[in-house]
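Please take these sequences and the hints and turn them into a complete structure.
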Amino acid sequence: MKQMLIAVAGFATVVLPAMNAQPGAGGSWVQGAAYEKTGEVLRALPRVFVSISSPGGDLLATTRTDANGRYQFVNLPQGRFVLEASKPGYLTRPAARRAGSRIVVECSSGCRQSGMDFELFQGALVAGVVLNASGEPVSRAVVSLRRVDVPASKEERSSHATDDLGGFRIAGLRAGKYILTVQRRAASGHDAVLTKALTLAEGERLVDLALTLGSQESFRLTGSLSGIPFGEGYRTWVEMRPVGGSAPAPVAAVGANGRFHFDSVIAGRYVASAVAVGLGQVKRNVYMLDVLEVVRDTDGIVFQPVEPAAVEGTVEVAAGALPPGAVIQFTSGDGFGYRWTRVRAADRHFELTGLRPGAYRIEADSTAFYVKGVKNSEGIERPSAVILSPGRNRLAVVAAADQAVVFGTVQEPKAGSPLPHARIGLKGDLAEYSAETDQAGRFLFGKVIPGEYRICAWANLALPNVEDNTIWERPGCQSRTVSIDPFSRFAIDVPATP
Amino acid sequence: MNRFTSFILAIMCWATAAFAEEPAAAVAGIVRSATTGEALHNAPVVLRSRDVEAKVFRSTTSASGGFGFSGLPPGRYQLTISKSGYETFQGDAAVNLREGTEGTRLALSLWPHAVLSGRVIDWEGEPVAQAQVHAYAVVYSATGVSLRLVARAETNDLGEYRVFDLPAGKYVVEASPPRTGTPSGQFYIDTPVSYYPSALAPAQASPIALNPGQEVTRADVTVARRPGYAIAGAVWDGLTEGPCRRCLVQAVQDDSLYRATLSRPASVSANGAFVLRGLSPGDYILVARQGSAVAQVHASIRDQHLQGARLVTGLQQSVTGQMVLENAPEGTDPADLVPSLSPVALPEWWPRAEGKVGANRQFTIAGVSPARYRFEVRGLPPGAYLKTILAGGQPLPSPDITVPGESGITGLQLVIAFDGATLRGKVRPAGSAGKEQSVHAQVFLVPQQGPSGFQLPQTAETTLDGSFSLVSAAPGSYTLYALPAGASLQIFDPAVQAVLARDATNVRLDPKATVDLEVALASQGR
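Protein chains in written order, with our numbering: chain A, 703 to 1200; chain B, 239 to 764.
Since the hints were made in silico from the structure, they are not lab data. Glycine is no exception: its CB is placed at the ideal position from the N, C-alpha and C atoms.
Which stretches of chain A does chain B cover? Using the computed rule of at least three CB atoms under 8 Å from a CB of chain B, they are:
(1) 751 to 765
(2) 870 to 883
A few chain A residues that don't get close to chain B, going by computed Cβ distances all over 10 Å:
(3) Thr901
(4) Glu934
(5) Leu1057
(6) Ala1070
Right, here's the structure in full:
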């Protein structure tokens, strides 16, 4: 709102708000360029939107790259800034030396930073028409693309409604596996749905897709049940619940011979379960079955009940005290979400039932304590993974609340003077922490789990964050280790790596 | 007034002789495009009984556009035919089947929708992706001209848009920049909305006239480079005496010609503050709403941001008074009358208010948000109409009143007269020589003195044989127009009235008179 846009000598230039500029900051600038990389060919990319924001996310100014793909922001005040680039239909490639697709710049008085370059590439494009069974265009159908080869929490979705010619166009897609769904709400209330699996290569352009509603690509699944009551005296059926997505959940009755038959199951990932109700009974007996990837006609499936897992146990507190109302969380390693349970205050007992057997991670839900491990007959194990088997699982979870405080300053490597706005990271087996120093070069970690850590500090914020393993390969970051004791107050001054 | 905006069009039917004694009827018809005459197949046809609840018959047109129903109970039916890309035909009282009616054949024409397409580009000629495009129909009504949102679209990565399913008419096309959160949203954050071709206010826009089935391409909207201004302010909830956190604030462009609600609302922060960005210089009505609690304030932007706009919701007032019944016939129960207030020149969602008539014919309309309203009285018996409103014994010039924020209005007298005239008639197809035909038409009774005062326009839809009746017209001089039903005809557009003058009929309605007349269907349907 307060920026003013002016163009200077071939650069698209932005003057930051004068009120933010500090005396003597005049003449400071950052500049860079946007490139499109196709194979090995780099080409300057004009008309790329570039924004500069504070680390907190407040937008300071925006500009657009010029005909030569260049941009510049001038009159920067002192501080740290985040640069981001975007262009409709394009994606930003995380550059080798950058933190993801963003660039962090540090600007001291009179700073001049060049080479803040972005690399973009054209995303994949999916376009076409939706038709009905008579070949007429279908308007107002919603075409959605859902990326399925990433964890459910990171699923990418985009959608577009068709026009009067049935046309749709979705650009800027990442390479990957997608489920395409077309949905048309009918006045009768019966929605027409079509689902199709698509694999997109980088920059692929699928422009002539003709999707005919009513020609749903679906598959036949047949098989039998084993170990589940059916036939005389029972009403039994199999349900297929889609994992994520809006596809309907098909149901098939189980015949007297124990066989079931799904005529048309649309492509996708399903969790199967069987329900058996004794005649004259109200109680539904629900049996967990397999997880099924439906991509082709399949006969001869044998579904056996998977016995659900139940877990119970106690939380042993190794050090410190558990906060009242402490909650521990079981996160599925197979993409089935998480379940949580409260630890009973009186005897620190917990229990959870009806879990799908598999790998889980046990964690504390707050920073007030942490899960140290799980005790089995041999001693303490790593906390991050337990395998819950069908049936009862007993666990002795070891928690602790003995975190330490780690504080100090980050120093300029040669002069030893405190470095403001530097980044410092701690990396241990159980946890990693990162922070930025304040104006006086100080940092503080309030709740550090005791243990061995590598410690490293850097002045250049353009380097990747601590989550990126490559940072720990840098000279000076490998050798420096510290041992943090429980409940300690650990003071350390860390010279920044060159 | 809804009739003005209903979709539909011309219908003709040939009623052939009825025979048979069976207490059932049949109806058949053919559906064609009104412009090309091509048969429309696969169109759902629905007959809904107006006498028996939930009696619905469904069919679909054949390859040659034909449809048929038999074994229907006699009675009146509403006929609906829908087809993608065409205006839905809906005749509320279109089909009247008597016992044993056989072989009633209808020939129905559906008007194709128009399409507008183009690109949204910015001041450097760059396509603007994910811009929001809105097509507003220019609607002429008795109270003036307004813009009604008919269709919206979003531009693709090439800046292209396509809005469709547009009934024929005049349109103003608006493009607002992409929302924040889109790749270019931050870049265009302060860009004001623009109107085709590159105007900052709807009055400066070039309206695009669309004929039925017409496709106008290259309706490119250029968004202006000049940064828009912002209005900052706060919304207060007068009931809780705290900030109205759940309120949404919208700006209505108070243009000299139209009013358009801008599509980007602002939410209100925890302390009641809001900022509306990207506004062009001009006059605005700021509206805050949370459910039925609404508030408005005028704001003008010249050449700088505006701060300190203040809106207070929940300041609802009461309007009270008395119903005065002039020569009411025996058995008139004032409790049946419902005095109501409809907002004037405000967005469609502005709440209406209704009152109750109690003892001594006193009425109270409670919960009225401050604004300008038009008084209407519903539940009037045939022949009755709102004749005038007295405030402090003095007649008001029109049924419009302004409810202030500080206090309510008391002591009004709503005078109901019972000497309204009745107009009955039949619409004759234009240029039909000898051939026995009927028409499905909409008739408009427009006061000759113009749409001011208490003499209000009226409208009615004919049945398939072209007959209609209008009751409770205030005595006076009127012009009667008969138009193909559903023509989203802008009868209050002076230009349209001039074109239709040849087909119009002047009629003088005396108190309690019943006038019968036969009029010709206007040849200029659209």
